[in-house]
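This is what each chain is made of:
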Amino acid sequence: MLTIRNITRIFNKGTINEKIALNGVSLELAKGDFVTVIGSNGAGKSTLLNAVAGNFSVDAGEIFIEGTNVTKLPQHKRAEFISRVFQDPMLGTAASMTIEENMVMARRRGHHRRLRKAITSKDRTVLMQELKKLGLGLEARLTNRVSLLSGGQRQALTLLMATLQTPKLLLLDEHTAALDPKTADKVLELTRSVAEASHLTTFMVTHNLEHALNIGNRTIMMHEGRIILDISGDERAGMTIEGLLEMFGKASGKHLVNDKMLLA
Amino acid sequence: MSWQILSGTLEQGLMYAVMVVGVYLTFRVLNYADLSVDGSFTLGAAIAATLIVSGYNPWLATGAAFAGGVMAGIFTGVLHTKFKITPLLSGILTMTALYSINLRVMGKANISLLNTRTIFTDFTKLPFLEDYSVMVLSLVTVIIIGFFVYRFLLTEVGLALRATGDNELMIQSQGVNIEIMKIMGLAISNGLVAFAGSYVAQNQQFADAGMGIGMIIAGLASVIIGEVLIGTSSIGRTVAAVIFGGVMYRVIIALVLQMGLKPTDLKMVTAFIVIIALVSPGIKNKVFSLRDRAGAVKGESHADNP
Ligand SMILES: Nc1ncnc2c1ncn2[C@@H]1O[C@H](COP(=O)(O)OP(=O)(O)OP(=O)(O)O)[C@@H](O)[C@H]1O
Ligand SMILES: [Mg+2]
Numbered sequence: 017m018l019t020i021r022n023i024t025r026i027f028n029k030g031t032i033n034e035k036i037a038l039n040g041v042s043l044e045l046a047k048g049d050f051v052t053v054i055g056s057n058g059a060g061k062s063t064l065l066n067a068v069a070g071n072f073s074v075d076a077g078e079i080f081i082e083g084t085n086v087t088k089l090p091q092h093k094r095a096e097f098i099s100r101v102f103q104d105p106m107l108g109t110a111a112s113m114t115i116e117e118n119m120v121m122a123r124r125r126g127h128h129r130r131l132r133k134a135i136t137s138k139d140r141t142v143l144m145q146e147l148k149k150l151g152l153g154l155e156a157r158l159t160n161r162v163s164l165l166s167g168g169q170r171q172a173l174t175l176l177m178a179t180l181q182t183p184k185l186l187l188l189d190e191h192t193a194a195l196d197p198k199t200a201d202k203v204l205e206l207t208r209s210v211a212e213a214s215h216l217t218t219f220m221v222t223h224n225l226e227h228a229l230n231i232g233n234r235t236i237m238m239h240e241g242r243i244i245l246d247i248s249g250d251e252r253a254g255m256t257i258e259g260l261l262e263m264f265g266k267a268s269g270k271h272l273v274n275d276k277m278l279l280a
Numbered sequence: 199m200s201w202q203i204l205s206g207t208l209e210q211g212l213m214y215a216v217m218v219v220g221v222y223l224t225f226r227v228l229n230y231a232d233l234s235v236d237g238s239f240t241l242g243a244a245i246a247a248t249l250i251v252s253g254y255n256p257w258l259a260t261g262a263a264f265a266g267g268v269m270a271g272i273f274t275g276v277l278h279t280k281f282k283i284t285p286l287l288s289g290i291l292t293m294t295a296l297y298s299i300n301l302r303v304m305g306k307a308n309i310s311l312l313n314t315r316t317i318f319t320d321f322t323k324l325p326f327l328e329d330y331s332v333m334v335l336s337l338v339t340v341i342i343i344g345f346f347v348y349r350f351l352l353t354e355v356g357l358a359l360r361a362t363g364d365n366e367l368m369i370q371s372q373g374v375n376i377e378i379m380k381i382m383g384l385a386i387s388n389g390l391v392a393f394a395g396s397y398v399a400q401n402q403q404f405a406d407a408g409m410g411i412g413m414i415i416a417g418l419a420s421v422i423i424g425e426v427l428i429g430t431s432s433i434g435r436t437v438a439a440v441i442f443g444g445v446m447y448r449v450i451i452a453l454v455l456q457m458g459l460k461p462t463d464l465k466m467v468t469a470f471i472v473i474i475a476l477v478s479p480g481i482k483n484k485v486f487s488l489r490d491r492a493g494a495v496k497g498e499s500h501a502d503n504p
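Protein sequences appear in the order of chains A and B. Numbering-wise (the numbering used here), the first sequence opens with residue 17 and increments by one. Numbering-wise (the numbering used here), the second sequence opens with residue 199 and increments by one.
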């Protein structure tokens, strides 16, 4: 489904600020895989997701989505395959536009935009039904501007928008980190259910080790631009948070007294 | 104010309102301060006047003015998107280049259209319209253009254009090429501005190389006046607001002239209108609330937003 072959990304190449954010990362995802990604700050998790989404080109290596080589494709062309939810709830929606306008834009992700009225009354009925799934009462607020919504509501809406048109790949970068614990749980539950319902291949970056182990079927740990741990199946089922920290210590050569570094 | 002055003011206001709709498309919809406007307004006047005195049909000349503006907008857009020049500088470059181009087009600093056939003289031939031809034609034009812009902003393409001005990352991740959107927005905007320029030249019966100077600030002032007086609660309302703002701006200018200021003082008055709008907290909140939110998205400080 997703094949990442030896990708390298160097920021500020040739300057004193040179930073190898991705150092020869390779990864193979099967269809329907739900991978949680953990690692300390600056490990390269966001850079990996951004490289897949096409925010920038990689310095070396190749990326394939369902056999299509997307390495050279700009971000807007990869949108045909990829949906995203960002850490910052402000980033996933257009604040000055209404809920329904945001939704219909997402519904045509990766499709040609036409000179045709974007929202008909028939669309409204469909959008309302979709919004009801969130259980946040947003179905009554179709024509409200998104700027009126709370961070949690916006994030839930972004997640819903990401699945209005089933993506081949769903990229979630700490998408619950900016939310209060209760809202975060709700959005996470929603994530789990939409991913399951449509069998989405998903990447989820998180600093919550419990979530990392409980959600999805596979966990990878990154450190200094490399994948230093990749567990699934029985190995993952038997894994504990302590175990993860120990693995991190071994693999990175650092001794961690607690999980602060991974959770930070 | 005498009826004659008032009707002349309203006529002008309706023509300039077309220009204001163009400025609204870049300044508000795309969130792009485009200074090409000063040059493209004159370009429209220059193209129309030159073609008309060369014997071309004035309607064709007006259409050609629109096309010329579109080209100017595309030029600015390409400078910005392909060559990564900042919005302000891209606009200034186009505006500067257009100054020479406009003189080339006209062949001299001004062209008189006295006693030539224009789109307005065509209308005076119709019954009952002798005295109101300019008013009626300008009104019909601005209503049609306002309607089309309104409908356009609610199409799928229109939504993508608006989102480009609101949140680039978001609309790119929805598969939209924001470079194309920006070029398209600038093209339509400058097309409308040049179109308005051709109307103004035909109405005042001359085109002048300096007639576009300060047009962007007049456009901004009009947008702000309209938004404050009418509001921006929906797209339809906002488009109506900027058109109304364009007319109101001319009325304010006429009043200022009546108070005894000289026409040469007008640019200063306009600048002050914009400055007042920018610094007075009440108006600022109302007008810039959307912009500030967009700023917050991009991680800019919005500490100045009370
Ligand atoms: N645009 C950029 N320019 C320069 N350096 C960058 C850029 N983006 C990321 N980096 C650097 O690359 C490294 C990896 O950053 P990245 O954002 O991928 O980390 P992360 O694993 O997502 O961390 P966090 O958990 O804090 O989000 C960091 O050292 C970071 O400073
Ligand atoms: Mg990150």
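Worth flagging that the hints you see were computed from the coordinates, not collected in a lab. Every residue, glycine too, gets a C-beta built ideally from N, C-alpha and C. A few of these clues could be false.
Stated by the list, open to error - Once the Cα atoms are required to be at most 30 Å apart in a straight line, the calculated BS3-like pairs of lysine-lysine come out as:
id, chain 1, residue 1, chain 2, residue 2
1, A, Lys-133, A, Lys-88
2, A, Lys-184, A, Lys-93
3, A, Lys-93, B, Lys-460
4, B, Lys-282, A, Lys-35
5, A, Lys-93, B, Lys-306
6, A, Lys-88, B, Lys-306
7, A, Lys-149, A, Lys-47
8, B, Lys-460, B, Lys-282
9, B, Lys-465, B, Lys-280
10, A, Lys-93, A, Lys-35
11, A, Lys-35, A, Lys-202
12, A, Lys-93, A, Lys-29
13, A, Lys-133, A, Lys-184
14, A, Lys-149, A, Lys-138
15, A, Lys-88, A, Lys-148
16, A, Lys-47, A, Lys-184
17, A, Lys-29, B, Lys-306
18, A, Lys-29, A, Lys-88
19, B, Lys-282, A, Lys-29
20, A, Lys-35, B, Lys-280
21, A, Lys-149, A, Lys-133
22, A, Lys-184, A, Lys-202
23, A, Lys-88, A, Lys-138
24, A, Lys-88, B, Lys-282
To be verified - Sample of chain A residues at the chain B side, in silico, Cβ under 7 Å:
id, residue
25, Ala-122
26, Arg-123
27, Lys-184
Taking the hints in turn, this is what the structure says about them:
no.: 1; hint: A:Lys-133 x A:Lys-88; result: 33 Å, violated
no.: 2; hint: A:Lys-184 x A:Lys-93; result: 14 Å, holds
no.: 3; hint: A:Lys-93 x B:Lys-460; result: 56 Å, violated
no.: 4; hint: B:Lys-282 x A:Lys-35; result: 24 Å, holds
no.: 5; hint: A:Lys-93 x B:Lys-306; result: 48 Å, violated
no.: 6; hint: A:Lys-88 x B:Lys-306; result: 50 Å, violated
no.: 7; hint: A:Lys-149 x A:Lys-47; result: 25 Å, holds
no.: 8; hint: B:Lys-460 x B:Lys-282; result: 41 Å, violated
no.: 9; hint: B:Lys-465 x B:Lys-280; result: 34 Å, violated
no.: 10; hint: A:Lys-93 x A:Lys-35; result: 27 Å, holds
no.: 11; hint: A:Lys-35 x A:Lys-202; result: 36 Å, violated
no.: 12; hint: A:Lys-93 x A:Lys-29; result: 26 Å, holds
no.: 13; hint: A:Lys-133 x A:Lys-184; result: 27 Å, holds
no.: 14; hint: A:Lys-149 x A:Lys-138; result: 18 Å, holds
no.: 15; hint: A:Lys-88 x A:Lys-148; result: 39 Å, violated
no.: 16; hint: A:Lys-47 x A:Lys-184; result: 8 Å, holds
no.: 17; hint: A:Lys-29 x B:Lys-306; result: 53 Å, violated
no.: 18; hint: A:Lys-29 x A:Lys-88; result: 19 Å, holds
no.: 19; hint: B:Lys-282 x A:Lys-29; result: 20 Å, holds
no.: 20; hint: A:Lys-35 x B:Lys-280; result: 27 Å, holds
no.: 21; hint: A:Lys-149 x A:Lys-133; result: 26 Å, holds
no.: 22; hint: A:Lys-184 x A:Lys-202; result: 24 Å, holds
no.: 23; hint: A:Lys-88 x A:Lys-138; result: 38 Å, violated
no.: 24; hint: A:Lys-88 x B:Lys-282; result: 20 Å, holds
no.: 25; hint: Ala-122; result: 6 Å, holds
no.: 26; hint: Arg-123; result: 9 Å, violated
no.: 27; hint: Lys-184; result: 13 Å, violated
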